[in-house]
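Asker: Sequence:
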Amino acid sequence: MEMPPADPTILARKSRLVERLNEVLPTNAVIDDPVQTKAYECDALTAYKCPPLCVVLPASTSEVSDVLRICSEMGVPVVPRGSGTSLAGGALPTADSVILGVARLNAVIETDYRNRTIRVQTGRTNLSVTGAVEEEGFFYAPDPSSQLACAIAGNIAMNSGGAHCLKYGVTTNNLLGVTMVLMDGTVVELGGAHLDAAGYDLLGLICGSEGQLGVVTEATLRILRKPEGARPVLMGFDSNEVAGACVSDIIKSGVLPVAIEFMDRPCIRACEAFAKAGYPDCEALLIVEVEGSDTEIDEQLETIKRIAQAHDPVELRESKSAEESAAIWLGRKSAFGAMGQINDYMCLDGTIPVSQLPHVLGRIREMSEGFGLDVANVFHAGDGNMHPLILFDANKPGDLELCEEFGAEILKLCVEVGGCLTGEHGVGIEKRDLMVSQFAPEDMEIQMAVKDVFDPEWLLNPAKVFPLDLSQGRRAA
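Residue -18 is where the sequence shown starts when you use the working numbering, and the numbers rise one by one after that.
Some clues are possibly wrong.
[To be verified] With a straight-line cut-off of 25 Å between C-alpha atoms, the simulated PhoX-like cross-links for lysine-lysine are:
#1 Lys257 to Lys301
#2 Lys30 to Lys148
#3 Lys19 to Lys(-5)
#4 Lys30 to Lys19
#5 Lys393 to Lys301
#6 Lys257 to Lys233
#7 Lys(-5) to Lys148
#8 Lys286 to Lys233
#9 Lys148 to Lys233
#10 Lys432 to Lys377
#11 Lys30 to Lys286
#12 Lys286 to Lys257
#13 Lys301 to Lys377
Just so you know, the hints here were simulated from the structure itself, not pulled from any lab data.
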């Protein structure tokens, strides 16, 4: 996954580029010292790094417009960056690019409780959106595990979900409108503070486009009333396959939990050691949460527990207090960090039909034995969004490459059973060469033709999403 080398012409013009950027941005908004730009050489996919030409940190839509106009005029690629939590290399720079960070775009612009909307600048973190409205009894539903740090800009770029997406949907289901800046500096408004905007659904095109079409600077988001109550139940099983079958049966029953989360033994042990959540010692664990009034919660959990009993659980335990519920979710939300304390790993993101969970989990176990690399599974089981964590030794020559090969086989398996390459992490650089496993050449051509319209020179977020030979050829043309 080597990044394209820097264009010597662009490197020679770096001083002029920095000079022009400083003319339109406030003091300290342009970072060109190589020591200071090291923090921007990678995102959360830390196996790959590349120094950018410079980093810019605008604080308004007009400043973003000025930056993009200058870069467009000079033919300099731009890599939009939220909080850098991308696990697919979505914010990895190329050597000839400018990183455009949105961290300073963090204000709440307008809150409309009557119509249940909030408009924010997109550098604002996911969790702080709920923080801005929770005193009035509202919340913002999408809740990625990185919600404490991840930015709304990145959530929109990757169409992020989270543990509660089974009931509330992912970002696209909670996004009403955006302000977006095109590569030439043009500012456009898409959607708005209403359910159905007039004209083509360009908003649906932008959400999940991974910074390929424009830089989103403001977003109107749907906020919801907090439910009367919520309660999780823990289910422990003797095997991953049995837990997967239980998930499938819960979904088929017609009950709609707010979340169904899955963890296997390696992840259970790491999370328990980290969060002391009271998880059982078993091969596979499900966390199933429902919402509503006490009566509604009791009725739903009764059905869910009856289904679980048919799968002979080794433990079936309902939360008895708010503190216990908080501990259960702290353990799950801490999964990636807890695993990182004990091993290097690569986190995948494939989506499969829920009915295929038992089969896919079994095949992953078989492949793990074949590749000689352990796998920890933690994922949103309710919607089939899997996050296998492949464990490897970053200091062992060849281990990373073996891990990548294993990961590619898992993602191909997801496609084979009727799923797709990504659910919420995006394609980035991690899966760009696997796009041909899911899309025919004609499909790829249509997707690239859309980018041609929004970004004719292919300067936005280069070397991502599309196989490198295709994107480089498009840019050269």
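Asker: Each hint needs a verdict: does it hold in this structure or not?
Answerer: Comparing the hints with the structure gives:
1. Lys257 to Lys301: holds, 16 Å
2. Lys30 to Lys148: The given pair, whose Cα atoms are some 37 Å apart, is violated under the 25 Å limit.
3. Lys19 to Lys(-5): holds, 17 Å
4. Lys30 to Lys19: holds, 9 Å
5. Lys393 to Lys301: violated, 41 Å
6. Lys257 to Lys233: The given pair, whose Cα atoms are some 32 Å apart, is violated under the 25 Å limit.
7. Lys(-5) to Lys148: violated, 49 Å
8. Lys286 to Lys233: holds, 14 Å
9. Lys148 to Lys233: holds, 15 Å
10. Lys432 to Lys377: Violated. Lys432 to Lys377 sits at ~39 Å, over the 25 Å cutoff.
11. Lys30 to Lys286: With a Cα-Cα distance of about 47 Å, the restraint between Lys30 and Lys286 is violated, given a limit of 25 Å.
12. Lys286 to Lys257: Distance ~24 Å between Lys286 and Lys257 Cα, so the pair holds.
13. Lys301 to Lys377: violated, 46 Å
Of the numbered hints given earlier, the model fails hints 2, 5, 6, 7, 10, 11 and 13; all others are met.
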